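Put together the whole structure using the sequences plus the hints.
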Amino acid sequence: MSDGDGPGADDGQWVSLFSGGKDSSWALYQALEAGLNVARLLTVHPEGDSYMYHVPATRLAELAAESVGVPLVEVEPDDFEAESATDAGAQGDSELEPMETALADLADDLDGGLAGVTAGAVESEFQTHRIQGMCDRLGCELFAPLWQEDPRELADAMLDAGFEIRIIQVAAYGLDESWLGRTLDADALAELEELHDEYGVHILGEGGEFETLVTDGPHMSRPIELDYETVWEGDRGHVEITDAWLGE
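Counting in the numbering used here, the sequence shown runs from 1 upward without gaps.
By construction, these hints were calculated from the structure, which means they are not laboratory data.
Keep in mind that the hints are not guaranteed to be accurate.
Using C-beta positions, here's what the derived DEER-type ranges look like [what the hints assert, rightly or not]:
1. Arg59 / Ser221: 17 to 25 Å
2. Arg59 / Gly208: 13 to 21 Å
3. Thr101 / Glu229: 32 to 40 Å
4. Asp187 / Asp111: 43 to 51 Å
5. Glu206 / Asp136: 18 to 26 Å
6. Glu76 / Glu233: 22 to 30 Å
7. Ala104 / Val231: 21 to 29 Å
8. Glu97 / Glu248: 38 to 46 Å
9. Glu229 / Phe126: 13 to 21 Å
Treat the numbers as computed from the prediction; the structure is a model and nothing was measured.
No residue lacks a Cβ here, since even glycine has one placed at the ideal position from N, Cα and C.
Printed below as a string of C-alpha coordinates:
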(Lines of atoms letter the chains of each structure in order from A; the text may use other names.)
(Lines give C-alpha, C1' and ligand atoms only; values in the text may rest on other atoms or scores of the structure.)
Protein backbone atom coordinates (compact mmCIF):
# COMPACT_ATOMS: atom_id res chain seq x y z
CA MET A 1 0.00 0.00 0.00
CA SER A 2 1.17 3.49 -0.77
CA ASP A 3 0.76 6.00 2.05
CA GLY A 4 0.70 8.93 -0.32
CA ASP A 5 4.43 9.46 -0.84
CA GLY A 6 3.98 9.06 -4.56
CA PRO A 7 2.81 5.84 -6.22
CA GLY A 8 4.06 5.45 -9.74
CA ALA A 9 1.73 6.59 -12.48
CA ASP A 10 2.01 3.21 -14.15
CA ASP A 11 0.11 2.09 -17.22
CA GLY A 12 -3.60 1.91 -16.59
CA GLN A 13 -6.09 4.17 -14.89
CA TRP A 14 -7.17 4.75 -11.32
CA VAL A 15 -10.53 4.45 -9.57
CA SER A 16 -11.26 6.58 -6.51
CA LEU A 17 -13.48 5.04 -3.84
CA PHE A 18 -15.72 8.01 -3.18
CA SER A 19 -18.54 8.92 -0.80
CA GLY A 20 -18.46 12.70 -1.03
CA GLY A 21 -17.18 12.91 2.55
CA LYS A 22 -13.93 14.63 3.55
CA ASP A 23 -11.70 11.55 3.77
CA SER A 24 -12.47 10.04 0.36
CA SER A 25 -12.47 13.54 -1.16
CA TRP A 26 -9.02 14.24 0.28
CA ALA A 27 -7.70 10.94 -1.08
CA LEU A 28 -9.09 11.85 -4.51
CA TYR A 29 -7.62 15.35 -4.35
CA GLN A 30 -4.21 14.02 -3.33
CA ALA A 31 -4.31 11.47 -6.16
CA LEU A 32 -5.07 14.22 -8.68
CA GLU A 33 -2.31 16.40 -7.22
CA ALA A 34 0.10 13.46 -7.54
CA GLY A 35 -0.72 13.20 -11.24
CA LEU A 36 -2.56 9.88 -11.07
CA ASN A 37 -4.90 9.25 -13.96
CA VAL A 38 -8.19 8.99 -12.05
CA ALA A 39 -10.72 7.87 -14.65
CA ARG A 40 -13.69 6.92 -12.44
CA LEU A 41 -15.19 7.58 -9.04
CA LEU A 42 -16.88 4.59 -7.41
CA THR A 43 -19.63 5.15 -4.84
CA VAL A 44 -21.33 2.42 -2.85
CA HIS A 45 -24.84 3.15 -1.55
CA PRO A 46 -25.36 0.97 1.54
CA GLU A 47 -28.75 0.59 3.17
CA GLY A 48 -28.80 1.12 6.91
CA ASP A 49 -25.64 0.80 8.98
CA SER A 50 -22.46 -0.36 7.30
CA TYR A 51 -19.11 -1.61 8.58
CA MET A 52 -17.29 -0.72 5.38
CA TYR A 53 -18.86 2.39 3.93
CA HIS A 54 -19.71 6.00 4.71
CA VAL A 55 -23.52 5.98 4.80
CA PRO A 56 -25.25 9.40 4.79
CA ALA A 57 -25.93 11.50 1.69
CA THR A 58 -24.01 9.27 -0.72
CA ARG A 59 -26.59 10.19 -3.35
CA LEU A 60 -24.93 13.60 -3.55
CA ALA A 61 -21.80 11.93 -4.92
CA GLU A 62 -23.31 12.38 -8.40
CA LEU A 63 -23.27 16.16 -7.98
CA ALA A 64 -19.74 16.05 -6.57
CA ALA A 65 -18.55 13.91 -9.48
CA GLU A 66 -20.04 16.38 -11.96
CA SER A 67 -18.21 19.22 -10.24
CA VAL A 68 -14.93 17.26 -10.12
CA GLY A 69 -15.33 16.25 -13.76
CA VAL A 70 -14.73 12.52 -13.33
CA PRO A 71 -17.42 9.97 -14.31
CA LEU A 72 -19.17 8.21 -11.42
CA VAL A 73 -19.95 4.50 -11.12
CA GLU A 74 -22.58 3.63 -8.51
CA VAL A 75 -23.08 0.33 -6.68
CA GLU A 76 -26.68 0.03 -5.52
CA PRO A 77 -28.06 -1.47 -2.28
CA ASP A 78 -29.60 -4.34 -4.26
CA ASP A 79 -26.07 -5.62 -4.77
CA PHE A 80 -25.58 -6.28 -1.04
CA GLU A 81 -26.08 -9.66 0.54
CA ALA A 82 -24.75 -8.82 4.00
CA GLU A 83 -27.98 -9.42 5.90
CA SER A 84 -27.12 -13.06 6.54
CA ALA A 85 -23.66 -12.28 7.92
CA THR A 86 -23.20 -13.51 11.49
CA ASP A 87 -20.54 -11.06 12.70
CA ALA A 88 -18.78 -7.82 11.80
CA GLY A 89 -15.98 -9.55 9.92
CA ALA A 90 -18.35 -11.62 7.81
CA GLN A 91 -20.51 -8.57 7.08
CA GLY A 92 -17.45 -6.51 6.12
CA ASP A 93 -16.33 -9.24 3.72
CA SER A 94 -19.83 -9.51 2.27
CA GLU A 95 -20.16 -5.74 1.83
CA LEU A 96 -16.88 -5.66 -0.06
CA GLU A 97 -18.01 -8.15 -2.72
CA PRO A 98 -20.16 -5.80 -4.87
CA MET A 99 -17.41 -3.16 -4.87
CA GLU A 100 -14.78 -5.71 -5.90
CA THR A 101 -17.07 -6.97 -8.66
CA ALA A 102 -17.60 -3.42 -9.92
CA LEU A 103 -13.85 -2.77 -9.93
CA ALA A 104 -13.16 -6.01 -11.79
CA ASP A 105 -15.73 -5.00 -14.41
CA LEU A 106 -14.18 -1.53 -14.66
CA ALA A 107 -10.73 -3.01 -15.19
CA ASP A 108 -11.95 -4.33 -18.53
CA ASP A 109 -13.20 -0.88 -19.59
CA LEU A 110 -10.30 1.31 -18.47
CA ASP A 111 -7.54 2.26 -20.87
CA GLY A 112 -4.62 0.03 -19.90
CA GLY A 113 -6.61 -1.68 -17.14
CA LEU A 114 -6.89 -0.85 -13.44
CA ALA A 115 -3.68 0.69 -12.12
CA GLY A 116 -4.94 1.33 -8.62
CA VAL A 117 -7.59 2.38 -6.17
CA THR A 118 -7.67 5.41 -3.86
CA ALA A 119 -9.17 5.14 -0.37
CA GLY A 120 -9.71 7.59 2.47
CA ALA A 121 -8.95 5.28 5.40
CA VAL A 122 -7.31 7.00 8.37
CA GLU A 123 -7.08 4.49 11.22
CA SER A 124 -9.48 1.64 10.51
CA GLU A 125 -7.56 -1.61 10.22
CA PHE A 126 -10.92 -3.30 9.59
CA GLN A 127 -11.51 -1.35 6.39
CA THR A 128 -7.93 -0.99 5.20
CA HIS A 129 -7.03 -4.66 5.59
CA ARG A 130 -10.02 -5.61 3.45
CA ILE A 131 -9.39 -2.97 0.79
CA GLN A 132 -5.71 -3.93 0.57
CA GLY A 133 -6.68 -7.59 0.17
CA MET A 134 -9.12 -6.63 -2.57
CA CYS A 135 -6.41 -4.67 -4.40
CA ASP A 136 -4.04 -7.64 -4.08
CA ARG A 137 -6.65 -9.89 -5.66
CA LEU A 138 -7.24 -7.35 -8.45
CA GLY A 139 -3.49 -6.92 -9.01
CA CYS A 140 -3.54 -3.16 -8.51
CA GLU A 141 -2.08 -0.56 -6.16
CA LEU A 142 -3.77 1.07 -3.18
CA PHE A 143 -3.24 4.82 -2.67
CA ALA A 144 -4.23 5.76 0.90
CA PRO A 145 -2.74 9.20 1.64
CA LEU A 146 -4.56 9.63 4.98
CA TRP A 147 -3.46 6.30 6.43
CA GLN A 148 -2.03 6.72 9.95
CA GLU A 149 -1.47 10.46 9.48
CA ASP A 150 -1.98 12.85 12.41
CA PRO A 151 -5.71 13.73 12.49
CA ARG A 152 -5.25 17.42 13.33
CA GLU A 153 -2.59 17.86 10.66
CA LEU A 154 -4.92 16.22 8.13
CA ALA A 155 -7.81 18.47 9.13
CA ASP A 156 -5.63 21.58 8.90
CA ALA A 157 -4.32 20.49 5.50
CA MET A 158 -7.88 20.08 4.18
CA LEU A 159 -8.84 23.56 5.32
CA ASP A 160 -5.59 25.10 4.05
CA ALA A 161 -6.25 23.56 0.62
CA GLY A 162 -9.65 25.25 0.49
CA PHE A 163 -11.98 22.36 1.32
CA GLU A 164 -15.44 23.42 2.49
CA ILE A 165 -16.70 20.64 4.76
CA ARG A 166 -20.18 20.36 6.25
CA ILE A 167 -21.13 18.07 9.14
CA ILE A 168 -24.20 16.09 8.14
CA GLN A 169 -24.50 13.46 10.88
CA VAL A 170 -23.44 13.23 14.53
CA ALA A 171 -23.50 10.33 16.98
CA ALA A 172 -21.23 11.05 19.94
CA TYR A 173 -21.47 12.37 23.47
CA GLY A 174 -20.71 16.08 23.38
CA LEU A 175 -22.00 16.64 19.84
CA ASP A 176 -25.48 18.16 19.96
CA GLU A 177 -27.96 19.32 17.33
CA SER A 178 -26.05 22.60 16.83
CA TRP A 179 -23.35 20.62 14.99
CA LEU A 180 -25.72 19.50 12.23
CA GLY A 181 -25.02 21.45 9.05
CA ARG A 182 -22.08 23.21 10.69
CA THR A 183 -18.98 24.01 8.65
CA LEU A 184 -15.88 22.17 9.83
CA ASP A 185 -13.63 25.23 10.22
CA ALA A 186 -10.83 26.25 12.60
CA ASP A 187 -13.28 27.08 15.41
CA ALA A 188 -15.02 23.72 15.03
CA LEU A 189 -11.68 21.90 15.08
CA ALA A 190 -10.70 23.69 18.30
CA GLU A 191 -13.97 22.58 19.90
CA LEU A 192 -13.48 19.02 18.63
CA GLU A 193 -10.05 18.93 20.27
CA GLU A 194 -11.69 19.93 23.56
CA LEU A 195 -14.34 17.24 23.09
CA HIS A 196 -11.58 14.74 22.33
CA ASP A 197 -9.87 15.57 25.62
CA GLU A 198 -13.13 15.41 27.56
CA TYR A 199 -15.08 12.61 25.87
CA GLY A 200 -12.67 10.94 23.45
CA VAL A 201 -14.37 12.27 20.31
CA HIS A 202 -12.08 11.70 17.32
CA ILE A 203 -11.19 15.00 15.66
CA LEU A 204 -11.92 13.50 12.21
CA GLY A 205 -14.93 11.47 13.38
CA GLU A 206 -13.07 8.28 12.60
CA GLY A 207 -15.15 6.18 14.97
CA GLY A 208 -18.40 7.27 13.38
CA GLU A 209 -18.80 10.23 15.77
CA PHE A 210 -19.70 12.43 12.82
CA GLU A 211 -19.98 12.26 9.04
CA THR A 212 -19.28 14.98 6.51
CA LEU A 213 -19.93 16.22 3.00
CA VAL A 214 -17.40 18.23 1.01
CA THR A 215 -19.35 21.01 -0.69
CA ASP A 216 -16.41 22.78 -2.34
CA GLY A 217 -12.69 22.38 -2.93
CA PRO A 218 -9.87 23.21 -5.32
CA HIS A 219 -10.61 20.08 -7.38
CA MET A 220 -14.27 21.09 -7.87
CA SER A 221 -15.43 23.51 -10.56
CA ARG A 222 -18.68 24.45 -8.80
CA PRO A 223 -19.81 24.26 -5.16
CA ILE A 224 -22.63 22.04 -3.94
CA GLU A 225 -25.50 24.10 -2.53
CA LEU A 226 -27.96 22.55 -0.05
CA ASP A 227 -31.42 23.00 1.39
CA TYR A 228 -31.93 20.81 4.43
CA GLU A 229 -33.72 20.18 7.70
CA THR A 230 -32.17 18.77 10.85
CA VAL A 231 -33.45 15.56 12.44
CA TRP A 232 -32.55 14.94 16.10
CA GLU A 233 -33.20 11.60 17.80
CA GLY A 234 -32.29 11.98 21.45
CA ASP A 235 -28.52 11.56 21.37
CA ARG A 236 -27.80 11.61 17.64
CA GLY A 237 -29.03 13.28 14.51
CA HIS A 238 -28.57 13.94 10.83
CA VAL A 239 -29.21 16.48 8.13
CA GLU A 240 -32.21 15.62 5.93
CA ILE A 241 -31.30 17.15 2.57
CA THR A 242 -34.40 18.41 0.75
CA ASP A 243 -32.65 19.83 -2.30
CA ALA A 244 -29.10 20.00 -3.67
CA TRP A 245 -27.61 21.60 -6.74
CA LEU A 246 -24.36 22.94 -8.16
CA GLY A 247 -23.89 26.66 -7.66
CA GLU A 248 -21.97 29.09 -9.80
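Each hint tested on the structure:
With their beta carbons about 20 Å apart, arginine 59 and serine 221 fall inside the hinted range of 17 to 25 Å. Checked against the hint of 13 to 21 Å, the C-beta distance between arginine 59 and glycine 208 comes to roughly 19 Å, which is consistent with it. A hinted range of 32 to 40 Å for the beta carbons of threonine 101 and glutamate 229 is consistent with their spacing of about 36 Å. Our hint of 43 to 51 Å for aspartate 187 and aspartate 111 holds, since their Cβ atoms are close to 45 Å apart.
At roughly 24 Å, the beta carbons of glutamate 206 and aspartate 136 sit within the given window of 18 to 26 Å. At roughly 26 Å, the beta-carbon separation of glutamate 76 and glutamate 233 lies within the given 22 to 30 Å, and the hint holds. Take alanine 104 and valine 231: their Cβ atoms lie about 37 Å apart, and the range 21 to 29 Å is violated. A hinted range of 38 to 46 Å for the beta carbons of glutamate 97 and glutamate 248 is consistent with their spacing of about 41 Å.
Here the CB-CB span from glutamate 229 to phenylalanine 126 is close to 32 Å, at odds with the stated 13 to 21 Å.
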